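> Chains as they are written, first to last, in the numbering used here: chain V, 1 to 346; chain R, 1 to 614.
Some hints could be false.
As the list claims (entries may be wrong) - In silico DSBU-like pairs for lysine-lysine, Cα to Cα no more than 30 Å straight-line: (1) V:K49 / R:K194; (2) V:K328 / R:K427; (3) R:K432 / V:K335; (4) R:K427 / V:K335.
Claimed, not checked - Partner residues aside, some chain V positions facing chain R, computed with beta carbon under 10 Å: (5) F55; (6) G73; (7) H75; (8) T82; (9) V97; (10) V150; (11) T154; (12) F156; (13) G157; (14) K332; (15) T342.
Since the hints were derived computationally from the structure, they do not count as laboratory data.
Being a predicted model, the structure only gives us computed values, none of them experimental.
Virtual Cβ for every residue (Gly too), placed ideally from N, Cα, C.
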Amino acid sequence: MAETITATNGEVLTAKDFATDQEIRWCPGCGDYSILKQVHTILPQLGLKQEDIVFISGIGCSSRFPYYTETFGMHSIHGRATAVASGLKAARPELSVWIVTGDGDGLSIGGNHTIHLLRRNFDMNVLLFNNEIYGLTKGQYSPTSPENKVAKSTPFGSIDHPFNPIALALGADATFVARSMDRDPAHLQNMLLRSYKHHGSSFLEIYQNCNIFNDMAFESYTEKSTKKDEALFMVQGQPLVFGANNEKGIKLDGFKPVIVNLEEGASKDDLWIHDEHDMVKANIISRFFDHVDVEGHLPRPFGVFYQTTRPTYEDMMSQQIAQVISAKGEGKLDKLLAGSETWVIE
Amino acid sequence: MALETTTHDLEEAVIKFAGDSGDGMQLTGTQFTTNSALFGNDLGTFPDFPAEIRAPIGTVAGVSGFQLHFGSKEIFTPGDICDVLVVMNSAALKSNIRNIKKGGIIIANTAGFDAKNLKLANMTSNALEDDSLTNYTVIKIDVTRMTREALTDIQLGMKEKDRCKNMFVLGFLYWMFNREMDNTIKFLNDKFGKKPEVLEANLRVLKAGYSYGDTTETFNTRYKVEKAVMPAGTYRSIMGNQATALGLVAASKKSGLPLFLGSYPITPASDILHDLAKYKSFGVKTFQAEDEIAAITSAIGASFGGSLAVTTTSGPGMALKTEALGLATVLEIPLVIINVQRGGPSTGLPTKTEQADLFQAYYGRNGECPIPIVAAQSPSDCFNAVYEACRISVQHMIPVILLTDGYIANGAEPWRFPKESELEEIKIEFAKPMAEGEKFMPYARDEKLSRPWAIPGTKGLEHRIGGLEKQNITGNISYEPENHEFMVKLREEKVERIANYIPEQKIDSGPSKGKLLVLGWGGTYGALKAAVRELNEEGFAIAHAHLRHMRPFPKNLGEILNNYDKVLIPEINNGQLVKIIRDKYFIDAMAYNKIQGLPFFKSELMDKIRETLK
Ligand SMILES: Cc1ncc(C[n+]2csc(CCOP(=O)(O)OP(=O)(O)O)c2C)c(N)n1
Ligand code: SF4
Ligand SMILES: [Mg+2]
Numbered sequence: 001m002a003e004t005i006t007a008t009n010g011e012v013l014t015a016k017d018f019a020t021d022q023e024i025r026w027c028p029g030c031g032d033y034s035i036l037k038q039v040h041t042i043l044p045q046l047g048l049k050q051e052d053i054v055f056i057s058g059i060g061c062s063s064r065f066p067y068y069t070e071t072f073g074m075h076s077i078h079g080r081a082t083a084v085a086s087g088l089k090a091a092r093p094e095l096s097v098w099i100v101t102g103d104g105d106g107l108s109i110g111g112n113h114t115i116h117l118l119r120r121n122f123d124m125n126v127l128l129f130n131n132e133i134y135g136l137t138k139g140q141y142s143p144t145s146p147e148n149k150v151a152k153s154t155p156f157g158s159i160d161h162p163f164n165p166i167a168l169a170l171g172a173d174a175t176f177v178a179r180s181m182d183r184d185p186a187h188l189q190n191m192l193l194r195s196y197k198h199h200g201s202s203f204l205e206i207y208q209n210c211n212i213f214n215d216m217a218f219e220s221y222t223e224k225s226t227k228k229d230e231a232l233f234m235v236q237g238q239p240l241v242f243g244a245n246n247e248k249g250i251k252l253d254g255f256k257p258v259i260v261n262l263e264e265g266a267s268k269d270d271l272w273i274h275d276e277h278d279m280v281k282a283n284i285i286s287r288f289f290d291h292v293d294v295e296g297h298l299p300r301p302f303g304v305f306y307q308t309t310r311p312t313y314e315d316m317m318s319q320q321i322a323q324v325i326s327a328k329g330e331g332k333l334d335k336l337l338a339g340s341e342t343w344v345i346e
Numbered sequence: 001m002a003l004e005t006t007t008h009d010l011e012e013a014v015i016k017f018a019g020d021s022g023d024g025m026q027l028t029g030t031q032f033t034t035n036s037a038l039f040g041n042d043l044g045t046f047p048d049f050p051a052e053i054r055a056p057i058g059t060v061a062g063v064s065g066f067q068l069h070f071g072s073k074e075i076f077t078p079g080d081i082c083d084v085l086v087v088m089n090s091a092a093l094k095s096n097i098r099n100i101k102k103g104g105i106i107i108a109n110t111a112g113f114d115a116k117n118l119k120l121a122n123m124t125s126n127a128l129e130d131d132s133l134t135n136y137t138v139i140k141i142d143v144t145r146m147t148r149e150a151l152t153d154i155q156l157g158m159k160e161k162d163r164c165k166n167m168f169v170l171g172f173l174y175w176m177f178n179r180e181m182d183n184t185i186k187f188l189n190d191k192f193g194k195k196p197e198v199l200e201a202n203l204r205v206l207k208a209g210y211s212y213g214d215t216t217e218t219f220n221t222r223y224k225v226e227k228a229v230m231p232a233g234t235y236r237s238i239m240g241n242q243a244t245a246l247g248l249v250a251a252s253k254k255s256g257l258p259l260f261l262g263s264y265p266i267t268p269a270s271d272i273l274h275d276l277a278k279y280k281s282f283g284v285k286t287f288q289a290e291d292e293i294a295a296i297t298s299a300i301g302a303s304f305g306g307s308l309a310v311t312t313t314s315g316p317g318m319a320l321k322t323e324a325l326g327l328a329t330v331l332e333i334p335l336v337i338i339n340v341q342r343g344g345p346s347t348g349l350p351t352k353t354e355q356a357d358l359f360q361a362y363y364g365r366n367g368e369c370p371i372p373i374v375a376a377q378s379p380s381d382c383f384n385a386v387y388e389a390c391r392i393s394v395q396h397m398i399p400v401i402l403l404t405d406g407y408i409a410n411g412a413e414p415w416r417f418p419k420e421s422e423l424e425e426i427k428i429e430f431a432k433p434m435a436e437g438e439k440f441m442p443y444a445r446d447e448k449l450s451r452p453w454a455i456p457g458t459k460g461l462e463h464r465i466g467g468l469e470k471q472n473i474t475g476n477i478s479y480e481p482e483n484h485e486f487m488v489k490l491r492e493e494k495v496e497r498i499a500n501y502i503p504e505q506k507i508d509s510g511p512s513k514g515k516l517l518v519l520g521w522g523g524t525y526g527a528l529k530a531a532v533r534e535l536n537e538e539g540f541a542i543a544h545a546h547l548r549h550m551r552p553f554p555k556n557l558g559e560i561l562n563n564y565d566k567v568l569i570p571e572i573n574n575g576q577l578v579k580i581i582r583d584k585y586f587i588d589a590m591a592y593n594k595i596q597g598l599p600f601f602k603s604e605l606m607d608k609i610r611e612t613l614k
């Protein structure tokens with residue numbers, strides 16, 4: 001149901017225009033296919049010219065993404081897509097820059113660049129494909145793998161405590177933080193559009209199934225039988241409800257979130273109303289992160305955790321230059337070369 | 001009333017000002033330098049900063065120095081050792097006593113030699129009182145007391161008064177070298193115009209220093225260093241890092257490309273970042289990244305977007321950029337990487353100079369990854385060198401490494417700076433939009449083997465590039481065995497072909513054939529030139545050639561090397577260029593190395609050359 005929108009140059013693009021002639025090399029059944037499809041679906045809706053879009057990735061299965069998208073693109077080096085994109089955006093603020101990264105790429109080797117990108121607030125979209133595993137290197141645990149994860153490099157289970165990517169992004173003062181999943185196309189498209197519309201760094205964590213090395217890692221949230229009880233979809237201005245019949249809700253007991261049952265006497269009026277502009281609430285809900293095996297765990301939230309506005313790095317950079325030029329005039333090379341003191345030898 | 005004095009004419013002199021970091025020695029040195037430049041001397045300077053930012057007052061670790069070499073003849077270096085050493089305290093004497101000529105003059109502030117200062121400098125006996133300085137002429141002045149006395153009726157605190165001490169020394173040296181003081185008086189007026197007391201105090205102490213020379217009987221020899229014969233023109237003083245920053249702005253202007261710098265602070269490269277950050281009125285974008293990896297990769301992003309993209313660093317940072325250098329090589333995009341070398345390995349000697357990163361520039365990457373290398377040879381030459389690096393990079397679509405070093409980065413010399421109109425245009429063209437139905441080939445090549453620079457925002461040029469091996473012309477990923485070999489050879493050939501677009505190697509001094517060629521590169525230029533010139537004057541038929549292009553070498557280099565019986569390659573490292581030359585030209589080049597964090601002295605080079613000729 002791809003909507004069409006006329007680009008600024010009058011061209012009408014469709015998802016097809018964004019496919020390339022390259023053979024797609026992901027494993028059949030990989031969650032990356034769905035994400036690629038949803039991205040190609042929303043791109044024509046942005047009203048952008050194709051040549052004004054750039055996809056930059058690092059290294060990983062997910063990072064093959066640019067090869068399959070007919071825009072400008074760079075498949076850079078492991079962990080550095082965020083930094084490459086920062087330089088590009090600083091140099092060319094008018095471009096629409098998208099970063100495709102993985103849980104290893106963006107949170108392990110490139111974790112540093114990710115947090116710095118977010119604090120600087122470049123107007124770019126970070127799509128973090130989280131499959132809780134290193135796919136390309138064939139199945140080692142990643143910084144988002146849960147404790148006790150048995151993987152190639154952890155035959156006796158991982159002793160690493162995982163990152164909570166959403167809390168990390170909030171901690172880095174990201175101005176847009178959201179989570180979605182490969183298996184909910186409508187939600188993912190919606191989140192992609194919201195990421196794009198946000199002026200500033202958008203951090204979108206996408207749960208992505210690696211059916212080869214970490215199959216069903218997110219099944220509790222994606223499968224019909226459990227999704228309603230385990231996934232909590234946040235909607236702005238609406239109470240936090242979940243469950244097969246939306247019978248469960250989240251209530252704040254002081255600062256402590258508790259699950260209440262609307263069918264067992266709890267009132268809808270007492271429920272937590274989602275407010276994506278409230279940093280305190282965003283911090284609390286970002287911590288709904290217990291593994292499904294933990295007794296009494298809270299549901300895993302999806303949607304926009306937080307959104308705020310702050311000047312972007314590239315805007316401030318351009319403004320500073322404009323201010324200096326308007327105060328001092330455009331630089332004169334001859335004057336610069338001469339410096340403040342010269343002498344003449346005859 | 002002036003006493004009877006004699007004036008000696010000198011061809012050249014080396015003065016070193018040394019004191020505690022708080023004694024204002026850098027300022028004193030630069031004032032004397034400006035004075036000499038305005039007077040018409042040729043000169044070279046070098047500051048010698050303590051490694052610690054706030055080392056304890058009075059200790060050897062806290063000594064800050066400034067060396068100036070000026071003359072009526074051509075000057076190529078800041079000088080080996082000094083004729084005049086100014087020491088404001090015991091620690092300054094202790095750390096510089098090795099740097100003064102036998103028979104040289106030591107001007108010592110006696111207040112800096114009290115029990116407390118001697119103890120701070122770990123000196124058991126007062127060198128000014130015992131007989132350890134008998135080989136020198138020692139002029140003892142209680143600068144602190146004289147300064148205070150000159151300011152008795154001025155309403156300033158003792159600390160502020162004491163801060164004028166350096167002006168006393170400066171005034172005294174102006175007297176000693178028969179100088180006018182106008183430039184310093186003007187400087188003080190500009191600097192302290194808004195603080196009349198401070199201005200008055202500084203002026204008074206400056207003049208007191210001068211009259212002290214005039215009126216005391218202790219010292220009655222004065223010196224004169226006449227004007228040098230220099231090419232006519234307008235000059236300024238320039239330090240290497242300043243020249244690098246200016247060269248980048250100039251290259252940006254003359255290529256029409258916006259300048260982007262991605263950098264992470266590191267000694268001794270940071271000043272390039274500081275300078276460029278000031279040049280916003282030229283549209284310069286400086287990005288202080290979170291580390292060196294982000295610094296270079298952000299520059300790669302900017303280059304992809306069509307900027308003249310640059311990253312600046314020193315050895316340890318260069319190590320971090322390694323992987324991205326490989327990316328830039330495979331992407332075949334322009335990028336200028338500047339390594340202001342310092343002593344290594346690891347943190348090494350951050351404030352000392354070395355030329356030990358040549359191998360790193362040549363070989364320090366995974367895979368077959370040749371990168372062109374350009375080297376700067378003097379402070380002002382950093383301008384030309386970086387301009388050349390930019391030109392090669394954008395015209396050949398290739399990353400280029402520029403090597404400078406701490407010695408020329410912080411050293412200064414007079415520079416007959418060019419006019420914008422005299423600078424050669426750097427011609428580049430971005431790939432043009434494609435018509436409907438045409439397919440863009442990102443790795444199509446011209447006669448330089450250079451590929452199109454196709455920037456985002458250009459219709460029809462959408463394409464993807466990356467670090468994976470690619471097919472020529474299409475740029476598609478390719479794992480084919482023959483293709484990889486082909487591409488490796490092609491990237492090498494692309495570097496080698498640059499030799500068709502650079503000047504031939506020239507002999508800097510000496511005959512074009514003969515017994516010995518002294519071959520150098522980088523910051524040793526001044527010392528090599530001075531040594532070879534002097535030996536030429538003594539009648540030795542030896543020559544000096546200095547490399548600007550380290551990779552590829554100029555096409556005629558092999559021929560030049562064969563014109564001499566022997567080739568000597570002096571380097572501030574453990575022998576790097578010499579190994580590359582032996583490998584490439586199969587000649588028995590000899591190495592001469594110094595690895596002390598210090599530049600060559602002319603004298604030691606002359607000794608070595610004489611020995612080689614035996
Ligand atoms: C410098 C460097 N170190 C290690 C690797 C090997 N490597 C490639 S991808 C990867 C992990 C990828 O994991 P992730 O980012 O989660 O991507 P996925 O494959 O799961 O999509 C690793 C370790 C590399 N390419 N470069
Ligand atoms: S290894 Fe996993 S993440 Fe990678 S392509 Fe295959 S299924 Fe997808
Ligand atoms: Mg992964």
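> Each of the hints needs a verdict: does it hold here or not?
Hint check results:
1. V:K49 / R:K194: Violated, at roughly 57 Å.
2. V:K328 / R:K427: holds, 29 Å
3. R:K432 / V:K335: violated, 34 Å
4. R:K427 / V:K335: Holds - the C-alpha atoms of K335 of chain V and K427 of chain R are around 23 Å apart, at most 30 Å.
5. F55: The hint holds - F55 of chain V has a Cβ within 10 Å of chain R, the shortest such distance being about 8 Å.
6. G73: holds, 4 Å
7. H75: Where the cut-off is 10 Å and the nearest Cβ of chain R is about 3 Å from H75 of chain V, the hint holds.
8. T82: Since chain R brings a Cβ to about 8 Å from T82 of chain V, closer than 10 Å, the hint holds.
9. V97: holds, 9 Å
10. V150: violated, 31 Å
11. T154: This hint is violated: T154 of chain V lies away from chain R, its Cβ roughly 26 Å from the closest one there, beyond 10 Å.
12. F156: At about 32 Å, which exceeds the 10 Å cut-off, the nearest Cβ of chain R leaves the hint on F156 of chain V violated.
13. G157: Check failed: Cβ of G157 of chain V comes no nearer than 32 Å to chain R, outside 10 Å.
14. K332: Where the cut-off is 10 Å and the nearest Cβ of chain R is about 8 Å from K332 of chain V, the hint holds.
15. T342: Since chain R brings a Cβ to about 5 Å from T342 of chain V, closer than 10 Å, the hint holds.
In terms of the numbered hints stated before, the structure departs from hints 1, 3, 10, 11, 12 and 13, listed from lowest to highest.
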